[in-house]
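Take a look at the letters that make up each chain.
Number of protein chains: 2
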Amino acid sequence: MPTHSTQTAATPGNVYLVGAGPGAPDLLTVRALRLLESCDLVLHDDLVPDEVLALAGPQAEIVSVGKRCGKPRITQQGIHELMIEGARANRSVVRLKSGDPLVFGRAGEELAALREASVPFEIVPGVTAAFAAGAALGLPLTDRTSASKLIFATGHHASSKDPAPVFEGAIPQDATLILYMPGRDMERLAQELRDGGLPPDTPCCAISHAATPEQNYVSCRLHELEHLTPGTAPVLLLVGRAMEPMIAGPGNSLEA
Amino acid sequence: MPTHSTQTAATPGNVYLVGAGPGAPDLLTVRALRLLESCDLVLHDDLVPDEVLALAGPQAEIVSVGKRCGKPRITQQGIHELMIEGARANRSVVRLKSGDPLVFGRAGEELAALREASVPFEIVPGVTAAFAAGAALGLPLTDRTSASKLIFATGHHASSKDPAPVFEGAIPQDATLILYMPGRDMERLAQELRDGGLPPDTPCCAISHAATPEQNYVSCRLHELEHLTPGTAPVLLLVGRAMEPMIAGPGNSLEA
Numbered sequence: 154m155p156t157h158s159t160q161t162a163a164t165p166g167n168v169y170l171v172g173a174g175p176g177a178p179d180l181l182t183v184r185a186l187r188l189l190e191s192c193d194l195v196l197h198d199d200l201v202p203d204e205v206l207a208l209a210g211p212q213a214e215i216v217s218v219g220k221r222c223g224k225p226r227i228t229q230q231g232i233h234e235l236m237i238e239g240a241r242a243n244r245s246v247v248r249l250k251s252g253d254p255l256v257f258g259r260a261g262e263e264l265a266a267l268r269e270a271s272v273p274f275e276i277v278p279g280v281t282a283a284f285a286a287g288a289a290l291g292l293p294l295t296d297r298t299s300a301s302k303l304i305f306a307t308g309h310h311a312s313s314k315d316p317a318p319v320f321e322g323a324i325p326q327d328a329t330l331i332l333y334m335p336g337r338d339m340e341r342l343a344q345e346l347r348d349g350g351l352p353p354d355t356p357c358c359a360i361s362h363a364a365t366p367e368q369n370y371v372s373c374r375l376h377e378l379e380h381l382t383p384g385t386a387p388v389l390l391l392v393g394r395a396m397e398p399m400i401a402g403p404g405n406s407l408e409a
Numbered sequence: 154m155p156t157h158s159t160q161t162a163a164t165p166g167n168v169y170l171v172g173a174g175p176g177a178p179d180l181l182t183v184r185a186l187r188l189l190e191s192c193d194l195v196l197h198d199d200l201v202p203d204e205v206l207a208l209a210g211p212q213a214e215i216v217s218v219g220k221r222c223g224k225p226r227i228t229q230q231g232i233h234e235l236m237i238e239g240a241r242a243n244r245s246v247v248r249l250k251s252g253d254p255l256v257f258g259r260a261g262e263e264l265a266a267l268r269e270a271s272v273p274f275e276i277v278p279g280v281t282a283a284f285a286a287g288a289a290l291g292l293p294l295t296d297r298t299s300a301s302k303l304i305f306a307t308g309h310h311a312s313s314k315d316p317a318p319v320f321e322g323a324i325p326q327d328a329t330l331i332l333y334m335p336g337r338d339m340e341r342l343a344q345e346l347r348d349g350g351l352p353p354d355t356p357c358c359a360i361s362h363a364a365t366p367e368q369n370y371v372s373c374r375l376h377e378l379e380h381l382t383p384g385t386a387p388v389l390l391l392v393g394r395a396m397e398p399m400i401a402g403p404g405n406s407l408e409a
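Those protein sequence lines, which keep their order, are chains U and P.
With our numbering applied, the first sequence covers 154 to 409.
With our numbering applied, the second sequence covers 154 to 409.
Heads up, a few of these hints could be off.
Here are the computed lysine to any residue pairs in the SDA-like style, where the Cα-Cα straight-line distance is at most 25 Å [what the hints assert, rightly or not]:
id	chain 1	residue 1	chain 2	residue 2
1	U	220	P	299
2	P	220	U	202
3	U	220	U	230
4	U	220	U	200
5	U	220	U	334
6	U	220	U	270
7	P	220	U	299
8	U	220	P	297
9	U	220	P	298
10	U	220	U	338
Some chain P residues well away from chain U (every beta-carbon gap over 10 Å; in silico) [as the list claims (entries may be wrong)]:
id	residue
11	179
12	281
13	401
Bear in mind the hints are in silico, worked out from the structure with no lab data behind them.
Because the structure is a prediction, the values reported are computed rather than measured.
All residues carry an ideal CB built from backbone N, CA and C; glycine is no exception.
If we strip away everything but chain U, and leave its shape as in the complex, we get:
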């Protein structure tokens, strides 16, 4: 089990898995902010923007452990080693992940490594991008009449060599489906959603850089999805009746 400190300053020798929220610096939690301000070492993913990293205190060493953007690739094992070495050197370590740290972020492997090494840790939840997207669009993600469920999935596998479908079997039609990292292959994705039984007029909205000044979105119905061109990453694709106002509204265009 993680520790449950109620103190707000980072404790030397501890690792904090912290959600950085969707991008805007003031959408961090107060707890996350206090830890960033007081920690010795920040290990962050690529998707965490500079404006958030700027909240770290002057004492903090800030290290990108992102695996993209042309930098020398760091392995998952390498991230584990940096966390554990930092804690064993009696530094307080913030492992900063965009959104919430437990959602689509390989946190399980990092937690297992910390447990294995007997390094005390704490998890600080965050605002996930889907909620920021709903807030930005002004649309509830659930609705008593048309969207009684939320389904978070990832399209990440769509770019791998042996791709698994995003969804196997029927997709509930009374749900808002939120696809993290949907990839660029909208034709394939549209086919999977149709194969899952979603009607061709199901509204879809791709939002890019939710909750940041660069935020933009495009929307269409499912039968047009293969022609949709989302904006640059990070992108979320929202699918379901709750997105109906995006089709009628000013966002009805196919390119970001």
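Fit chain P to the known structure of chain U by using the hints.
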């Protein structure tokens, strides 16, 4: 569309639909805290704890618009009127909902009323209870091998006179199912989950008051779920392979 202010103080005449997070005062976002500190009127649900309301500034009038706890019932329409009257009296209004304001909270009706009345509004996302529960348990809610999806649903209908099942059709087995307000009828719920095709040994964990000092949990396998007695509301039921460590661990008891 909502407004997108980047200022942190509440603007007179505006309504802010704000997520209060899962309960701990420092799990509010920084933006939510600034709005609470500066607003004139707070309209809050019952589930928002006193420790969070205590963050409001001394100028703020604080009004419970909860619909339970033996108080005279306020209608949904009554909540709309309080928001609109407050804004028209040039007060800044924070409509404070536990967790995220767009998830299972009838936000759609409140947003429609504000749009109808031409009252400017902004939505501030929050940390939902599910993420606080995962953080408290130290368990990732998704996992690359066993839990590629998250499904948020509500068991709220289970207590109504004409109850709809929580889930119709097959429940994906590679998902973590998170049930908000699961109710007390575990026998019925267990039957629905079995009818959805979940194996009898699927791990289940009911967590009560996640992310607060009163937090407690009980866990079991699906074939024992009818005997599970969750703690007091608010309760979340988490179901799926990602909860496996809760069965092996110290939380393996059937009563909170």
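Hint check results:
| no. | hint | result |
| --- | --- | --- |
| 1 | U:220 - P:299 | holds, 23 Å |
| 2 | P:220 - U:202 | violated, 40 Å |
| 3 | U:220 - U:230 | holds, 12 Å |
| 4 | U:220 - U:200 | holds, 10 Å |
| 5 | U:220 - U:334 | holds, 15 Å |
| 6 | U:220 - U:270 | holds, 23 Å |
| 7 | P:220 - U:299 | holds, 23 Å |
| 8 | U:220 - P:297 | holds, 17 Å |
| 9 | U:220 - P:298 | holds, 20 Å |
| 10 | U:220 - U:338 | holds, 21 Å |
| 11 | 179 | violated, 4 Å |
| 12 | 281 | violated, 7 Å |
| 13 | 401 | holds, 12 Å |
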